[in-house]
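Asks: Chain by chain, the residues:
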Amino acid sequence: MSSIYFVALPLLFGFATPLLKRFGKNGVAYASTAMQAALFLLALNLAATSSWAVEVISINPPLGISFILNGASLFFVLLFMLLMLLFSLYYLGLRKEEPFPDENKFFILLNMLLASSIGLVLSSDIFNIYVFFEIAGISAYILSAYRKTPKALEAGLKYLLTGMVASAFLLFGIALIYIHLGSLNLAVLSGSFHTLPFNMKLLIGLLLFVGFGFKVEIFPLNFWVTDVYEGADPLIDSLFSSIVVKAYLFVFFHILYLFMPASPFAPFLLLAGAVSMLAAEIIALKQTNLKRVFAYSSLGQVGLIFAVLSLESRMAVEAGFFIVFAHSVAKMAIFLSLTSVIHAHKSEEISTLKTLNSPMITVTFIFSMLSLLGIPLFAGFVGKFLALKSFASSGEFLVLGIVLFASLVESIYYFKIAGNLFGKGERGAKLRLAPSQKAVFSILILLLVAVGTMPWLYSGFLHNASAAMVDTATYANLLTGGLK
Amino acid sequence: MNFKRDIPSRTYSGFALSALFILTIFNILLESGVSKTQRAGDALLALSGKEGVANAVTSVVVYFRGFDTLGEIAVLFIAALGIGLMLHGDRRTEHEESNYILQKASKLLFPMIMLFGVYVMVYGHLSPGGGFQGGVIIASGILLLLISDGSFEVPHAVISVLETFAGISYVLIGLIGLLVLDKFLGNFLPNDVAQMGRLFSGGIIPLVYIVVGIKVGSEMSMIVQNLIQRSDDD
Amino acid sequence: MTGLIVMFTFIAVILVAFMSIVQRSLPDAIILFMGVGLGAVVLFFVFQAPDVALTEAVIGAGISALIFLMALKHLGEER
Amino acid sequence: MMIESLFDYFNQGYVIQSLVDTGSMILFFIGFFGLLTQRHIIKIFMSISVMEIAVFLFFIGNIFDVKFTAPILGDGHDAFVSMNDPIPHAMILTAIVIGMAVFALGVSFAIEYYKLTGKTNINDISEMGER
Chain A
23 MSSIYFVALP LLFGFATPLL KRFGKNGVAY ASTAMQAALF LLALNLAATS
73 SWAVEVISIN PPLGISFILN GASLFFVLLF MLLMLLFSLY YLGLRKEEPF
123 PDENKFFILL NMLLASSIGL VLSSDIFNIY VFFEIAGISA YILSAYRKTP
173 KALEAGLKYL LTGMVASAFL LFGIALIYIH LGSLNLAVLS GSFHTLPFNM
223 KLLIGLLLFV GFGFKVEIFP LNFWVTDVYE GADPLIDSLF SSIVVKAYLF
273 VFFHILYLFM PASPFAPFLL LAGAVSMLAA EIIALKQTNL KRVFAYSSLG
323 QVGLIFAVLS LESRMAVEAG FFIVFAHSVA KMAIFLSLTS VIHAHKSEEI
373 STLKTLNSPM ITVTFIFSML SLLGIPLFAG FVGKFLALKS FASSGEFLVL
423 GIVLFASLVE SIYYFKIAGN LFGKGERGAK LRLAPSQKAV FSILILLLVA
473 VGTMPWLYSG FLHNASAAMV DTATYANLLT GGLK
Chain B
12 MNFKRDIPSR TYSGFALSAL FILTIFNILL ESGVSKTQRA GDALLALSGK
62 EGVANAVTSV VVYFRGFDTL GEIAVLFIAA LGIGLMLHGD RRTEHEESNY
112 ILQKASKLLF PMIMLFGVYV MVYGHLSPGG GFQGGVIIAS GILLLLISDG
162 SFEVPHAVIS VLETFAGISY VLIGLIGLLV LDKFLGNFLP NDVAQMGRLF
212 SGGIIPLVYI VVGIKVGSEM SMIVQNLIQR SDDD
Chain C
38 MTGLIVMFTF IAVILVAFMS IVQRSLPDAI ILFMGVGLGA VVLFFVFQAP
88 DVALTEAVIG AGISALIFLM ALKHLGEER
Chain D
4 MMIESLFDYF NQGYVIQSLV DTGSMILFFI GFFGLLTQRH IIKIFMSISV
54 MEIAVFLFFI GNIFDVKFTA PILGDGHDAF VSMNDPIPHA MILTAIVIGM
104 AVFALGVSFA IEYYKLTGKT NINDISEMGE R
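Protein chains in written order, with the working numbering: chain A, 23 to 506; chain B, 12 to 245; chain C, 38 to 116; chain D, 4 to 134.
No lab work stands behind these hints: they were computed from the structure.
Be aware that one or more of the hints could be misleading.
As the list claims (entries may be wrong) - Keeping only pairs whose Cα atoms sit at most 16 Å apart, straight-line, the calculated EDC-like set for lysine to aspartate or glutamate is: (1) A:47 - A:125; (2) B:61 - D:81; (3) A:170 - D:130; (4) A:173 - D:130; (5) A:313 - D:130; (6) A:173 - D:127; (7) A:308 - A:370; (8) A:313 - A:370; (9) D:70 - B:53.
Claimed, not checked - Cβ-Cβ distance ranges computed for the label pairs, FRET-style: (10) A:461 - B:192: 34 to 44 Å; (11) B:99 - A:365: 15 to 25 Å; (12) A:73 - B:169: 22 to 32 Å; (13) B:192 - A:125: 34 to 44 Å; (14) A:63 - B:193: 16 to 26 Å; (15) B:31 - C:52: 14 to 24 Å.
Idealized CB from N, CA, C, for every residue including glycine.
Between the sequences and the hints, there should be enough to build the whole structure, so can you do that?
Replies: Spelled out as structure tokens, the structure:
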């Protein structure tokens with residue numbers, strides 16, 4: 023079973039939707055969810071084999087394009103498939119009383135976003151990464167502007183403009199790489215990148231940083247993120263914060279480790295991540311719009327992941343992967359519950375939580391926020407503990423202090439939200455949840471608690487994943503030397 | 012932070028701009044003397060000699076880096092879908108008659124443009140051109156009709172059948188390559204060099220480029236019609 | 038010979054691009070932008086890249102011009 | 004006689020390359036300058052397109068070799084020798100079409116936004132307002 027199906031099947035589904043419409047109103051919805059379930063099983067079976075694998079496309083690397091399956095990329099593929107499956111199950115419940123207009127288009131965009139995120143993670147050719155960069159981008163622009171309200175259109179317009187500028191700089195970087203190194207294959211490039219003089223490395227590094235920086239939401243380039251989160255539908259925000267950002271983060275650090283293993287720019291990246299976390303948490307204090315608060319908290323957590331991963335040690339990468347998992351699951355839970363709250367109460371202010379009357383959603387909010395804070399017995403604790411340990415072990419005590427202070431600030435506005443949840447005011451009517459939505463919430467809560475209480479459950483898998491991520495030597499000779 | 016207000020004022024951005032500009036120019040000029048690096052393209056040129064295709068760029072676009080073109084088709088498909096979603100105007104309102112010259116000229120020009128578009132698409136692997144260029148030329152032919160003939164409307168049913176057929180067959184060609192050669196988008200059809208000049212001489216390459224042309228043509232005409240139709244409404 | 042053509046076309050493209058960006062009236066800016074597309078087609082042709090020249094001609098000067106004009110039809114003046 | 008030496012001087016590889024470098028960099032920064040200072044939404048799309056055209060010219064110009072021909076067989080060339088590298092042509096082909104697709108989508112967003120709010124100045128496009 024080859025890993026091409028992750029990209030080929032959603033594309034086939036997208037192109038064949040006019041035919042699927044023949045099978046009645048729910049034809050497209052059930053076909054899409056069934057396909058995602060099948061791909062999730064494929065991801066599980068591929069993840070079981072922990073050895074490296076090369077999936078050749080049209081001709082053998084290093085001339086052709088190929089997918090590389092190692093511990094790290096399979097961890098991300100598994101995470102994305104799991105979250106997208108839960109998202110689809112949740113939406114199946116939601117669409118009964120509040121379907122999206124033009125629903126077939128929504129399912130096509132959903133699957134294209136999934137296919138391109140997985141393509142970004144698996145691809146080993148830098149121009150192929152640019153093409154997936156664009157596919158993920160363009161489906162995200164349309165998803166954010168889907169409701170066609172002035173806010174949504176403004177969000178889509180801003181996201182599109184920053185995306186176009188980012189892709190112009192990224193293409194400029196790729197052009198320079200091909201002119202001076204003669205190849206597009208990541209393995210060949212990682213072997214010959216150090217031969218470049220320092221100023222060319224600086225220029226290419228700067229261009230790639232700006233190209234990916236917009237999408238990785240790092241400090242100087244993330245002015246557009248909160249407007250997009252507030253403009254888009256909360257259902258779409260859950261996809262942005264748990265799948266799309268993580269795919270771009272993985273690609274950014276995958277290229278950084280391959281091109282510049284002990285890079286002279288690492289301290290600068292570390293600082294950018296720490297400042298981005300601090301700035302996001304502080305601004306989040308005075309926000310009253312629910313979506314905007316959790317957008318800033320996503321920015322903060324992404325800044326933390328960025329800082330940890332730029333330490334480039336195996337333990338730091340493992341910590342980063344733990345935080346990625348905990349943050350994605352928690353943010354998916356939060357934004358899905360936000361969707362139910364906003365669809366029921368029609369207002370996005372924090373004060374609406376006072377009139378919320380739904381034990382399930384309250385429990386989801388509390389568990390996710392505790393996990394984001396890194397409280398023991400929850401998934402976030404393992405990641406944050408390892409992160410602080412790796413900061414300390416590589417002597418970055420200033421960044422350690424910034425991260426601790428930012429987590430303190432973060433806990434302040436989480437308690438503010440918790441206060442509204444448990445406020446004494448009269449409670450509105452009980453929020454009705456479809457059975458599939460209840461199932462999704464309970465699975466997410468179970469994931470947070472299970473991983474928090476029993477981290478040994480999958481720390482072996484993550485250890486192998488982080489080792490694969492840092493082990494660029496095998497990556498290099500795998501492609502050029504021994505083929506499958 | 013608001014999108015535009017925070018970008019520093021004109022003078023400051025001018026200064027930052029020129030600093031970056033000097034750095035880039037200095038870097039690139041300094042490097043332009045670097046010895047001619049051995050590029051992957053030369054190896055692909057040798058390979059494309061054996062593919063039986065005269066246009067090396069087409070063999071790279073469709074076969075060697077065929078996955079990029081599949082991604083490219085996905086981008087265009089999503090763009091057409093998004094524009095259809097955004098500009099979904101109602102049926103074409105009564106459009107005032109365009110002037111006489113345009114009507115007569117377009118009747119004369121339309122077959123030429125379509126013929127040229129089909130030629131560019133089908134001969135993509137022998138002469139410059141191919142699926143993308145051919146498809147867009149056909150779309151500009153349809154654009155000419157949309158402008159000149161007020162009541163003309165792109166037949167939505169025909170276009171979506173063409174589009175679906177082209178998209179599915181492209182992915183199926185890829186999957187057949189996966190099953191036959193264990194390489195997605197592998198060239199499973201015979202492509203001997205002897206018949207270089209013949210129409211179907213490059214194995215799957217001409218097939219794929221014609222399918223790409225049909226898809227690009229139908230999508231571009233949908234985009235063009237949505238843009239024109241929307242602008243008639245107010 | 039190609040060097041001279043490259044130099045003069047580049048100078049022309051740069052001038053036309055600068056004028057199209059700082060131009061006050063939008064219709065003129067769009068027509069000048071089509072000039073930039075045309076200059077790019079000539080340059081791609083001189084750089085021995087016929088496929089890219091044909092694509093840039095059809096898309097850069099053809100369809101983009103239509104999209105700009107349709108946008109201009111709407112967004113001309115601010116309400 | 005002086006004209007031939009002028010032609011020969013300009014035909015050297017590194018002269019053309021430095022012309023291409025400077026020319027496309029100036030074009031890139033004209034686009035970047037337009038992006039930072041222009042207000043109207045169409046002007047912003049135009050400057051981003053100028054930036055992208057500059058990157059395409061830079062890329063194709065830098066791998067262009069005066070002595071080589073286009074990578075297409077026919078009229079006298081029957082083997083792929085001494086021909087320009089086809090990979091950048093394929094990449095730029097894809098990038099032009101991607102740029103146009105995203106640009107067309109952006110214009111449709113701008114048209115819909117103008118229909119609802121009548122705003123085209125990028126500074127006024129702020130429905131949400133930062134608290």
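Asks: State the violated hints by number, sorted upward, taking the hints as numbered earlier in the document.
Replies: 12
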